[in-house]
Every structure is written in structure tokens, then in C-alpha cells.
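Asks: Residues per chain are reported as follows:
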Amino acid sequence: MRGGRTAAGQELEAAEINFYFGANPDEARTRQTVIDAFQEKFPQITVNPQVAEGDPLQELQTQFAGGAGPDVMMAWELTYSGLATRNVMADLTERIAADAEFAQVVAEDHEPSLLDMFNWDGKQYVLPEQFAGVALYYNKTLFADAGLDVPPADWTDESWTWERFLETAEALTVRDGDRVTQFGFADAWWMPLSATVIATGNGGNWFDTYVDPQASTITDPKMVEGLQWYADLANVHRVAPNAEEIATQAGPDMFMGGRVAMVLVGHWMYPAFSGAEGLDFDLAVLPVGPQGTTPKTDLGSTGLAISASTEYPDHAWEFVKFSTSPEGQEIIAQSGLFVPVLKSVGQSEAYLSSHPAIENATVFTDGLAHSIPLPITTMWGEIAAIWDRDLGAVWRGEANAADVCAALEPQINDLLARG
Amino acid sequence: MDRAGKTALPGSFAPGRTLSRRRSLLAEMRRSWTSYLFILPNLIGVLLFLAFPVVFALYMSFTEWDILTSPEFVGIGNYREMFTEDPLFWVSLRNSAYYVLLTVPTTLLIALGLAMAMNQAVRGISFFRAAIYVPVLTSAVAVAFVWQWIFNYEFGLLNAFLDLLRLPSVRWLTSSDWAMISLAIMSIWKSSGYFAVIIFAALQSVPGVLHEAAEIDGASSWNRFLNITIPMIAPALLFVTVISVIGSFQVFDQVYLVTGNGGPGTATYVYNLHLFNEGFTFFRMGYAAALAYVLFAILFVITYFQLRLGRKRASAAYEFE
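One line per chain: the protein sequences are A and B, in this order.
Using this note's numbering, you'd call the opening residue of the first sequence number 169 and step up by one each time.
Using this note's numbering, you'd call the opening residue of the second sequence number 2 and step up by one each time.
No wet-lab data here; the hints were simulated from the structure.
Computed spacing ranges between beta-carbons, pair by pair:
#1 A/Trp358 to B/Pro169: 28 to 34 Å
#2 B/Asp178 to A/Gly345: 26 to 32 Å
#3 A/Ala233 to B/Phe226: 52 to 58 Å
#4 B/Leu163 to A/Asp448: 37 to 43 Å
#5 B/Leu163 to A/Gly345: 18 to 24 Å
#6 A/Asp346 to B/Ala131: 43 to 49 Å
#7 A/Gly315 to B/Arg95: 54 to 60 Å
Note that CB positions come from ideal geometry on N, CA and C, so glycine has one too.
Same shape as in the complex, but just chain A:
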């Protein structure tokens, strides 16, 4: 696809741009293939990769405060609005409109809800790159040994209820006296968010609206039911590890060691799981709650943005366009780095062939149409802090979700009002 990169693109003079992104070592390697492909097309542009070392938001904050921000940066759905509203990122709306062919891609090949998530205050600040929603990974060997049916890989399957999930998890939990030697399920993401995703699978909604919400709706009984059910897996039914047990061995490690049958996590653990010796696994959808309709996941995503203060906006734009166009997304799909966001690429051979360890790789690409957005608010830092802190009592079995949500809702509303 040569489109808008003919005359205008090739006329650019030589330049070096900095590209800041977060990645584990596997992801960093595959990022490099995209960068290499881009540099083949635009030999006069050198892209310097900068991998995040700590918290990306803090690093970007200090870099931009010091006037040394990167030209192109990775942006996360939960935290980008804080930077966008402070004029750190450039508005891409006009650039998209100016390039007819690319505008068509954006209009037709993207999932609208994803684009909307990255549209703040009427301006498109970020172009999505990957779908990072979560799903269920399960250990095929453990299921076969227990003689159980594997969970479904179809997001429209209404039979994978919480009840069925709990029965399955109980059948897969092996106890040795008081101790559990094999768990049916473990959370491998971040409890506050995992529990919320499960609760949305019960038909609950976290906020009144997702982009720039004004009120929280966590006291909705469907939400409370979901949070409580998730915590009860560990504290009441004992099919999932509790706080102390997770401190000994985190969810992903348990899964790689064959100590747990099902985990909830996103695509980013695929490289590590497929590299684990003796682990035969596949993907399934999340369970649906009694008040829900069909299984749901979260509309997690990251994308690329351009710095508003960059010296080379045109060069940066070419790189962002390349990465988010079908050409760049094809490379991403082929390398297995991310789940691509463009519909045309998501169903392509490239994506399927880059996941040889599993048969149900489409669980992720199909999940895009069955996901609930995450809240986009400039107060995310504060909200996440109290969400994590107060819900911790529920995970540890010290408080119940109803009380905690009732106490939290006014606090979250206060924070939203401040933002």
C-alpha cells in the first residue's frame, strides 16, 4: 500500500526520531522488526527505540518536563488522557483527513469503539495499534487428565456460565489435606481490573459513560455481585490462590509451572507461555455471569501518538502511519507481537500462523467486538489508587464488596468532579 507515502513521504530529509515504548524483552525484539521494515521503506529516517525502564507515565512526564520528550510514543488507553489534556500529544485529526487513502483505512478498517476511546475532547490523539483485552488461557493436559470438556472459544456461547466455570475449577483443584497443590483458576493480571472485567461480564457497568465519565456506578448490584464472586473464588471456594499464595507464586508463573488449570490474562503472556517447557495450552472466552448475556472482555488497547513539541512531526507521522496501516499491522500480526486492531489483518493468515502453539488465536481478534471499554479519565491515577487499595480488603477476605463499593462510589465521584 503506497497511498499517501508517495511524493510527500519520500521528500522528507534525513532525520532521527526517538520512539518510546514499553515492552518486555520478547516484545522489544519484535518491535525491532517493525522498525526495521519502516527503515527499509524510509532509509533516510532513523528510528531510535527507547524501552521504558520503569513506570511509563512517570518517565514520559519527566522527559517532557525536561523538554526532551520522544517524538513518537506508545500510549495506553487508561493514562493517555492526562498527557493529551496537557498538550503533550499532537492532534492527529487533520493529518488523518489530509491523507485520503489512510483516512479510508481509519474509517473502515478500525473498530469504531477503539478509535473513540482514543478520541479526547473531539480530537484524535492516538491511533490504536493493538488489542490488549484479556481472555482465558487453559492447560490442555490438566483438562484431558481430568476428563473435562475444554471451555468454549466462541464469544457468543452463552453456556459458559459462572456456575459451569466454578464446577470446572473445582474439578481441577487438587488438595493435599489443608493445602492446595493445584488450583483450578488463578488471576494472572491485576486483581482490581480483572475483577471489574468479570463484573462487566455480569452486565454491570463501571461508570455512566466510558470516555470522560461523570459518575461511577459501582454500587450497581451486578457489579458488586461480580467483584464478590471473583474474590470468593479464592476465599470461599478455594479454587484460586489467596493473597498469601499469590505472593509466593504469581499467576503466570503458576500457569507455566503447570500448577493451575486456567488463568485470566491478555495476549502479552503468549510468548512466555509458548516458551514454557511441557505446557500445552489454548485460549478460551471468559465466563458470563447470571445477569449477563454473552461473555465479555475489556477493550484494552495501546496505540501510538506524536509529541506536540517534536522537531520532526512529519517524520514521526510517517512512522505512526506505517505502524498503524495494514502494512505495519501485517508485520505485527506475523511476528506475534500484538493482536492487530485492523479488521482486515485480524482474520488474516499472518496472525493465525504466528501463533503455532494454539488453535484458538481468534479468541483475541474476535474479542474486539465483544468488549466493554475501559474508563478514559484524567483522574485515572487517583481512582486506580483508591480502587486498588480499598478493594484489596475484598481480595483478602477482610471486607465484602457491597460495603467497599458503597464507601468508594462517593469518593470516586468526588475525584471525577475534580478532573
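Add chain B to chain A, keeping to what the hints say.
Replies: Structure of chain B alone, referenced to chain A:
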């Protein structure tokens, strides 16, 4: 040449003669301008990286600033918010004070004991002196990592030890009752060596003649300890107390590395963690600067009273010349 009885301590702790500085200061400066040239690089560093930020932070504390856009002047708004609208301010202050109460007296006692142990003329004592100091040199990250395993509920050393004694296992890091105590244990282990070395240096300069004379007069070793050793090392003890209070009140590393967010709940949510969150996670540098200045004021008052009370006792050491 130091006379017997004087300990080698920072001059600020030794009550002494004051120079009649005013008259001769300028004259002195003119005479020794080369000396000033020698310290100029360091002085510039101190001005740029210490003095300027401290003064600028005072200005920052009167603004609402996210360091990405221009600061907005809010007067004493931050201070007012801190005292009236921020429950976490009081929570974190209480937690830091609790941490100080847990660590300072214990560290002092243990450091004193270690120093006495280091003061023995036994073969191989140099090994033990080094071993006592090693935790101080170990990286905080490594210490946090290993101690998280020691505190582990299922497989940790401490619970295994309690098991041996047929005592119930403790949820060291996951219960709000024990989390702060666990952090205190870890910090005491790490920093006792540092203070032990300081007290040890003081012990070494206690003149032996005093102990001999007391022994001849029939004083027991406990008596000698209480009436000779302690008064003679009092300046060092005062120094150790003041420094460890100031340091403990500002604890951050251990908490950030071990519990990350001050958990469980707000059990280990210390003052500097609150400051860090407000400044770097919530984009509120002005408020964080205000928190820093309140901490400074608190420590200033505490240190002032400590020095006033302590100097009277410490002066005994200087009477013996």
C-alpha cells in the same frame, strides 16, 4: 591533637567556643581566596542541586503545578487542603510516626549492643565488625527481595521458625497488623550496623583509666556501663538518635519496594509515599512540595527539642578533660 575525652564528632554537636567571625570574615576571605576556589566546584553543585531546588520547592508549594503546563498560583491552598481535606495526610503521618517509634529505639539498643560486641579484643573480631556492617552496604532492592521471601507466609524462614516452636504462622506482609512491623524488622536489620559503627568509634575513645579506677573502687560492670560508658558516649548516642529519627521519618525505599502502594490497605502508607504519589502519579507537584515543607517543619521542631534536651546530658562527656 585530640585530648583524651574528646570524641571525633561533627563540630555542631560539641559545645564550644564561637569565633568572633564578623570582624575577620572578609579579611579571612581575602587572605584565602584560593581555598574558596578549591571548593567552588562543590559549592556550585550544592547551590544548583541542593539550595536552588529547596528554595524553588518553597515557591512550588504555593502553586498547583503538573510540571507539563505552567504553574498556577494558589497561595496557601495546598496547606489548607492538606490539613482539612486530605485524610491520607493524617494517615501517612501517623504511619510514619509509628514507623519511627518502632525503629528508632530498637535500632539504638541493638546498635549499642553490637557496638559493645565489636569492642571486644577477641581473635577474628575484624571479621565480625565487617559482618555487622555488611547489611548497610547491601542494595536496598536485594534486601527487599530477600526479606519478602523471609516473610513469605507459606515458605518463609520466619514462619518455618515459628512452626518449629509450634506457634501459629504470622501473615507478615498481608495483614495490616503486622505489615509495618515487618518493614521495621527489615530496616532495623539493614541499618543497625551503620549506627553501631558510630557508637563503636565513640566507645573506642572512652579512656580505659576510668574503667580501671572504677573497678578498683569496687564498681560492678553494670555500674560501670551505666555511669561511665553511657555518659562518655552520650554525644554519639545523641547524634545517632537525631539522625535515625530524621531518616526513619523519611522512609520510602523499603515501603515502595516491598509493598509498592502502602498496603495492605493503608497499613504501610508512609508520608513520603503519599508525597511521591501526589507528585509523580497524580501530577500535583505543588501539593507534593507543600507536603515536603510540612515534613521539614516537623523534623525541624523534633530535632530542635532533641538537641536541647540532649546537649545537657552530652555535656558531661566534655567536662572530663
